[in-house]
Amino acid sequence: MGIRFILMVNKQGQTRLAQYYEWLTLEERRALEGEIVRKCLARNDQQIRFELMFEFLCSYAGVLAGWLALNEQCSFVEHRNYKIVYRRYASLFFMVGVDDDENELAILEFIHLLVETMDKHFGNVCELDIMFHLEKAHFMLEEMVMNGCIVETSKANILSPIQLMDKAH
Amino acid sequence: MNSIFSGTRLRDMIRSIRACKTAAEERGVVRKECADIRASINENDPHDRHRNLAKLMFIHMLGYPTHFGQMECLKLIASPGFPEKRIGYLGLMLLLDERQEVLMLVTNSLKQDLNHTNQYVVGLALCALGNICSAEMARDLAPEVERLIQFRDPNIRKKAALCSTRIVRKVPDLAENFINAASSLLKEKHHGVLITGVQLCYELCTINDEALEYFRKKCTEGLIKTLKDITNSAYQPEYDVAGITDPFLHIRLLKLLRVLGHGDADASDLMTDILAQVATKTESNKNAGNAVLYECVETIMAIEDTSSLRVLAINILGRFLSNRDNNIRYVALNMLMKAIAFDDQAVQRHRVTILECVKDPDASIRKRALELVSLLVNENNVKQLTKELIDYLEISDEDFKEDLSAKICSIVEKFSLEKIWYIDQMLKVLSEAGKFVKDDVWHALIVVISNASELHGYTVRALYKAVLTYSEQETLVRVAIWCIGEYGDLLVNNVGMLGIEDPITVTESDAVDVVEDAITRHNSDMTTKAMALVALLKLSSRFPSISERIKDTIVKQKGSLLLEMQQRAIEFNSIVDRHKNIRSSLVERMPVLDEATFNVRRAGSLPASVSTMAKPSVSIPNGVAAAPLVDLLDLGSDDIMAAPSSSGADFLQDLLGVDLGSSSVQSGATPGPKAGADLLMDILSIGTPSPAQNNTSSVDLLSTAGINNNPSNALDTLSSPALPHIATTASAGGMFDLLDGLTPSPSKEATNGPAYPPIVAYESSTLKIEFTFSKSSGNPQETNVQATFINLSPNTFTYFIFQAAVPKFLQLHLDPASSNTLPASGNITQNLRVTNSQHGKKSLVMRMRIGYKVNGKDVLEEGQINNFPRGL
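Each protein sequence line maps, in turn, to chains A and B. The UniProt record's numbering puts the first residue of the first sequence at 1, with every later residue one more than the last. The UniProt record's numbering puts the first residue of the second sequence at 1, with every later residue one more than the last.
FRET-style restraints, in silico, Cβ to Cβ:
#: 1; chain 1: B; residue 1: Ser79; chain 2: A; residue 2: Glu72; range: 45 to 53 angstroms
#: 2; chain 1: B; residue 1: Lys111; chain 2: A; residue 2: Glu116; range: 35 to 43 angstroms
#: 3; chain 1: B; residue 1: Asp502; chain 2: A; residue 2: Arg80; range: 49 to 57 angstroms
#: 4; chain 1: A; residue 1: Glu72; chain 2: B; residue 2: Ala24; range: 31 to 39 angstroms
#: 5; chain 1: B; residue 1: Ala35; chain 2: A; residue 2: Ala156; range: 37 to 45 angstroms
#: 6; chain 1: A; residue 1: Glu116; chain 2: B; residue 2: Glu176; range: 35 to 43 angstroms
#: 7; chain 1: B; residue 1: Ala78; chain 2: A; residue 2: Arg30; range: 30 to 38 angstroms
#: 8; chain 1: B; residue 1: Ala24; chain 2: A; residue 2: Arg80; range: 28 to 36 angstroms
#: 9; chain 1: B; residue 1: Ala78; chain 2: A; residue 2: Leu164; range: 20 to 28 angstroms
#: 10; chain 1: A; residue 1: Glu72; chain 2: B; residue 2: Asp397; range: 15 to 23 angstroms
#: 11; chain 1: A; residue 1: Glu72; chain 2: B; residue 2: Lys111; range: 46 to 54 angstroms
#: 12; chain 1: B; residue 1: Met337; chain 2: A; residue 2: Glu72; range: 21 to 29 angstroms
#: 13; chain 1: A; residue 1: Ala156; chain 2: B; residue 2: Met337; range: 34 to 42 angstroms
#: 14; chain 1: A; residue 1: Arg80; chain 2: B; residue 2: Ser79; range: 34 to 42 angstroms
Calculated from the model, a selection of chain B residues having no Cβ within reach of chain A, i.e. all distances over 10 angstroms:
#: 15; residue: Ala35
#: 16; residue: Glu136
#: 17; residue: Glu213
#: 18; residue: Lys428
#: 19; residue: Gly457
#: 20; residue: Ser585
#: 21; residue: Arg589
#: 22; residue: Glu862
Straight-line distance between alpha carbons at most 25 angstroms, and here's what the computed BS3-like set of lysine-lysine pairs gives:
#: 23; chain 1: B; residue 1: Lys187; chain 2: A; residue 2: Lys155
#: 24; chain 1: B; residue 1: Lys228; chain 2: A; residue 2: Lys155
#: 25; chain 1: B; residue 1: Lys218; chain 2: B; residue 2: Lys187
#: 26; chain 1: A; residue 1: Lys39; chain 2: B; residue 2: Lys359
#: 27; chain 1: A; residue 1: Lys39; chain 2: B; residue 2: Lys21
Keep in mind the hints are simulated off the structure, nothing from the lab. C-beta atoms are modelled at their ideal positions from N, C-alpha and C, and glycine is treated no differently.
Just chain A, same shape as in the assembly (with noise of 0.2 angstroms):
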């Protein structure tokens, strides 16, 4: 089993979506879903920091700064036994906790590709289509995932028998 668990999260740290492909506790579950969210937040407020520094010195030392590489931090963090995939769209994190033995690079594309599912059915995805439509999220990640290992990967047979019982209404 690769995939562990599924959590979107907004900016300030409020889990808008969580689905885990294992059983943990309600306590456990706030209590990992606190300390990563703490984690990777961290992670990106220091990229934030690196960045605004960044162009600070660019407007300062000009192209000669620019030829220094924008080194982003990487989106896997270590916890507990877990490793985090996390990305970030707009107001939005997406993490994936997964096994050690599992392939980051390609979480990570499985990231993009569930984001793209969601921008083709609401059309630029926000924080509050996936508020509002909790249910259609979860279908969407349960034709995609299924017990942590990857069902489907093209957009339009995950998104068909959703879209079947949009038109059946």
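Once you have looked at the hints, place chain B on chain A.
Chain B alone, transformed into the frame defined by chain A:
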């Protein structure tokens, strides 16, 4: 119908939760909503169910309990409509888990839905089953799932395949039933079915060896062809990611090939071409391509040796490592750790780059790189690598220093080439990150220093210089004041100068300044202060010219708020004041600490010391026990040396040695330790040699370790689990030795006819039982057996009970055991009397059973003892 889906009240609830400014406000809203939902559930209106469950899911996501809605899920699942079923199954997956009994009720609904005529309902049921099924459900529903793998619609086939992976994981016995179905899935063209089929095969291979053999024989070539087709396939918009067709499927296929190729040369040979093709042809400028390359490298390294491929793999990793993208560098570091196992040289070539990664601003990269560096270290590069790491320690982030210093220490200890190098490096670490260094590390440093007699002068001078600059580093200060206390005279007289040193002028009062500073500084902790006090006592003898000043400082500590300090100050003051004639011999240098013994002890107590470190509050009494004891021991070191049981190697052992000695005086045991103990007590209770006083002074000594008990049960207290800090410190082994040394009573053996050798009656990983024998005078049939139970585990056994049974020709009498609590590495004894009616014809045999509780769990061990000496 549509009022259910767009239910305004769900929106209202989300809005009002979103509007909450504080957590308390949110709790209020949720509480009110939960109350409404409960009320609505009680009314049992089917129209509200859908909306209630949608709300509950939201509340559940926020982290509030929602168990009261579980039955609603079941009702929705049982209802005929698809929308109700759909939300019911979703609720089932989110709100319930496989351990709840409610789940048993759903098995029947699932069975019906798996046979439903509507394929979307079947899909829902499969999905739910795949996410939450328990072992029992797996057994009940496996035939349905097996049938569905051959269903006409690919969307059902792929879900049935993944559902099977869960089933075989829950009930590995069922694996055989799925092997054929799985291999047929591998021939599919539909990507969803293919990827799930590959995952099912992977799962089967990992749990069942027969399946592995089967797929290796029958499917390897087919899989290679599939991979080839996908790699070379024309552009498929639906599956294309950055020019690569379905990277997810690529990765799954490579993963399966890895399992098939591992440990099988033929299969590995077959896949060489395709792996080489993937490794060379895959575009590496996008993440998707790199993900495939990464997986390919991992597969190449796992399958059987094909060296040309491995060169290719290492080159890819090299490219990854120099990539600007941190994600790529992270996975490169990760893979290099695995690569080091088969090609150390190739990885060593990237050493410089890896060292740069240790200094990366990104914490995840740093952590990986540090792990990798510690694997790269060998005799040839240790000096250079250590230098680099220590240089970086000076400028690294505070929160990274702990990890970094721990790694440096372990590297330095592992490869300590020369003592002077070791001492130099450790001093640097202590100066830069002293507050992060663990206790056992600086303890080890002191042991090494004490052994390196030719470096005493050099070390104490280096420490003196360091402590002037880095006085805020607690552990550095501790080591420095210990050395100044021991070798203060070498410091002021510049004794034993090495060629590399610059001469420094340190007056006696300069040296005392450092120690005084440590004792008066408000943020010094108890251990440091105690060590400083002892150092002062030593210096009072080394530097007679300023002993008045030192005395004043000691006297000031009489007012210390810490009981331990107060007490020591009074004692030391009386030594300085009234016993000038014996003082110099009292405070002589510590005998050289035995390195080998220390290392054995340290290794033995490692797991225990970790648990101590987890709780810093406990470490205070610990430290106290270790530090002042150094010198209590020293005071009487000569005498203790005479006692057979203590070697003076371990500080704490000598605390125990003293304690043991005094308690054995009370119980009137062997004369050896008694002499030692008496002498020691004389020293401690200076000038008051009456026996009554002896006892109190031994109690005083014990109170060092936080025991304020009646002397008569001092030993019991020590070995009781109520004192975790004793049990967990480095000397657990020491205690064991001491007690062990005393248990067999040699006097008995000496007086009774032929001696029988003691035997080890039983030994498991946690417990050892030794028997010693003696004959009752007058009755040859009767044997006295003293059983010693030794706890080999780091846990305390409580409610320890030993039972024994013997054949009819024997009679057995058991005395009560010395205790029913067996502390970690401690022991208890019990006497047995065996009467052998067939004496001379048959030898003893015994069955025994031991029961005890450890960490709240009952443990039962049984065994038969056949190795009694003949003739008993």
